[in-house]
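A.B. asks: Using the hints provided, position chains B and C relative to the given structure of chain A.
Protein chains in written order, with my numbering: chain A, 25 to 440; chain B, 562 to 643; chain C, 1187 to 1562.
Warning: the hint list may mix true and false statements.
To be verified - Straight-line distance between alpha carbons at most 30 angstroms, and here's what the computed DSSO-like set of lysine-lysine pairs gives:
no.	chain 1	residue 1	chain 2	residue 2
1	A	K219	A	K259
2	A	K259	B	K589
3	A	K231	A	K160
4	B	K589	A	K231
5	C	K1532	C	K1190
6	C	K1399	C	K1360
7	A	K367	A	K351
8	B	K589	A	K248
9	A	K231	A	K259
10	A	K351	A	K335
11	C	K1360	C	K1483
12	C	K1483	A	K435
By construction, these hints were calculated from the structure, which means they are not laboratory data.
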Amino acid sequence: MADAPDVLVVGAGPAGMAAAWRAAQSGLRVTVVDDNPAAGGQIWRGGPPEAQAWFERIRSVDVQVINGARVFQQLRPGTLLAETNSGVCELNYSSVVLATGARERFLPFPGWTLPNVMGAGGLQALVKTGLPIEGKRVVVAGSGPLLLAVAAYLRRHGAGVVLVAEQASVSQLARFGIGLLRHRKKLLEGWELKKDFSRKGATAQSKTEYLSSCWVSEAHGTEKLEGVTLMRGAKRWCVACDYLACGFHLVPNVELAELLGCSIESGSVKVDAFQQTTVANVYSAGETTGIGGLELSLVEGEIAGLAAAGKHNAARELFPVRAEQRKFADLLNRTFALRGELKVLSTPQTIVCRCEDVTFERLQRYTSWRAAKLQTRCGMGPCQGRVCGGAVEFLFGWRAESVRPPVLPVKIESLR
Amino acid sequence: MPETVTLVVNRIAVEVPAGSMVSAAILKSGVNTFRRSVTGEPRGPLCGMGICFECRVTIDGEPHCRSCQTVCRNGMDVRTDG
Amino acid sequence: MSSKTYDAIIIGAGIVGSACAAECAREGLHVAIVEAGIVGGGATAAGMGHLVVMDDSEAQFALTRYSQQLWDEISYELPREVEHDACGTIWIAADDEELAEARRKEKFYADRGVKTEILDAQALAETEPNLRPGLVGGLRVPGDSVIYPPCAAQYFVDQTLAKGASLFLGVAVKAITAEGVLLHDGTSLSAGVIVNSAGSSSPALTRGLEVKKRKGHLVITDRYPNFVRHQLVELGYLKSAHTLTAESVAFNIQPRRTGQLLIGSSRQFGVDDAQVDAPVLTRMLDRAIEYLPGLGKLSSLRAWTGFRAATPDKLPLIGPHPEHERLYLATGHEGLGITTSLATAKLLVAQIMNRETPIPVTPYLPARMAREPVHA
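Here chain A stands alone, though its shape is the one from the complex (with noise of 0.2 angstroms):
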């Protein structure tokens, strides 16, 4: 590889874009280093309409972009390792930005692990990335905007959704409509995707209802998904489909962030005005510092880049941007909080982890998260408890501790 670059930004998604252009406009060398095959992120995969003049920005400025790379460990400060199909790759820099993104955050309820029960944005990357939901059913569940989004994406790809249960109460999303207010773009987009909703459209079968307070209590089957079953009040239903996308908000992708010793607060890293972490030299910017959608990520991205180059003064008139953004963010995780109801979905033999299939009643008995892994290896597995993560912070309260290298699996030739 030649020079160093003078900014490595972790993340090819709008944040890490928004960087890295904002970096490369300043003059540096900038790399950016990303584990899909394609720069995007999860919002933007497979590069749609609306991303296309960032993806022209990144063309126009000199930029590596390095995809299929998985960073999992940090030889020493400023050198990461990334593992790639044809070996590790050694990654220097004088800065780092961490655009890691999120990740969506599942509760385990009975039925949740029959194939195709997805997340919401599951179900939608899926469908981006090849499978065919033309004429196929759907109940989409969980809560948060994404919903409405990936609902809206099925439609126009054919699917008939039937649904979308939000389990946040109608008083919630009446706040967050009026709160919309202030953010007229953001209220336009949710008008239009509900009036489509109750249209039969041009592709999708019938119209999709578009329910509060409502949340899946079941998913049926045997080797697979045949149906769910709905809980509003006390209104219980049983609704035949083929896939249910059931996601619950997101949660940020910190891992690597914390292997950098940065500091998390309340599951988001921790950055200043300038999008700095608590690690010299160590930025981070998009939803890995808070979850806030796109623009938020933008603009975060775009200070990120700026600061890193030492253009402050630039940085700093992207300020009242961010913070008009950040009041969405913070209406947007105050609407969406989760429900106490849905702590209570799962039975005694749910199972909360996937990978050692260990069971709600396993996990009761324990008041730590380390005692529960030890004891049941809950959380050992390969997705390094990226999965119960979520829920057993949701379910008992614990947080996850500190993270080891690697920060995500890699060949044993690749820890060496």
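C.D. replies: Frame of chain A; chains B and C shown alone:
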């Protein structure tokens, strides 16, 4: 660039649009069970983004490959564990 | 400030402490266990869970063999989570010198009633096809097994609690006093007997203890059932365990019942921090790949470290402290804590109850380490 790619899933040929992930190809071939959990439950993809490890299958002889993170290539040999 | 009285206070709920607590409770003693962290969270969590007979010395053989027999006796009653698996060990000979060593071991064990089997190169390759070609043979010890130690420690603690013991969890001992212990939260406990079974933390509580931390590394893989069938250890392991020099690695791999592989081993003296040492990890994995070339392609999930409690003569301390009237020691087990935990418990309780010990205890007595008087 070719429009489609043909790979083999459990000895059956499957044609998919170029750029598709192996996970989509497996589902398209009619297989829903990608692997069995440690207690034998059928499992398939959950997260779609490479963090849950439920979509693992054997690709070209190598076990534990995340199919949702692997782009289909012509002639790829995919075996599910179900 | 509260004060409670027990017959015995056990400091440390690792495999040794919990086994001792269970044995004390079985004896009818009213027991208190004090554990600063979680049950089985120290070296017990970090190590390999290999129940192995060893022949470094007569004393080591006697202890491991007796303890292994005790494990065999209870194997049927161990909970499923302990994952007891009688997979056996193969000591691997890479050259003729090591094969000669294997034959020496075979004779040593045969003379003492332990059944083993010499494998030639072909037999070795047949039983463990993933080993590299060119190895000359090995010694198979079918009586060895593996367990998952944290669950065993929890099982022993549960047995102790079932007999009415008290467990003080998540609180550390501040000091061992003349009558008992003082905890960091102000609680003081008194007992006729105090047992320091705090592993690598034991010297912090008892001054002058000849117990030093010996750091080790481990890596665990994803599931690859039947990649190896026995615990595989290079005969050069003994050179590594013997040496008192700063740093050494040796090939040592364990198949878990889950199909995962536990890869070790490394030893470092004089290192206090628990971070994974990249150069040591590299050496350890390189060594493992030398024996199992296919290992490189396997997926690894975690790497971690732990601290063994090592004594100068490689034998544990089991018995009364030479100065302190009520204090007993059950520590210093280095890499054999899991194996010898049950024997340690029996030897300890026999001494507490002033009975004849089931095997001679002299080699393990703390008094052998006597230096200047220690003030409690």
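A.B. asks: Give me the numbers of the hints this structure contradicts, sorted from smallest to largest.
C.D. replies: 2, 11
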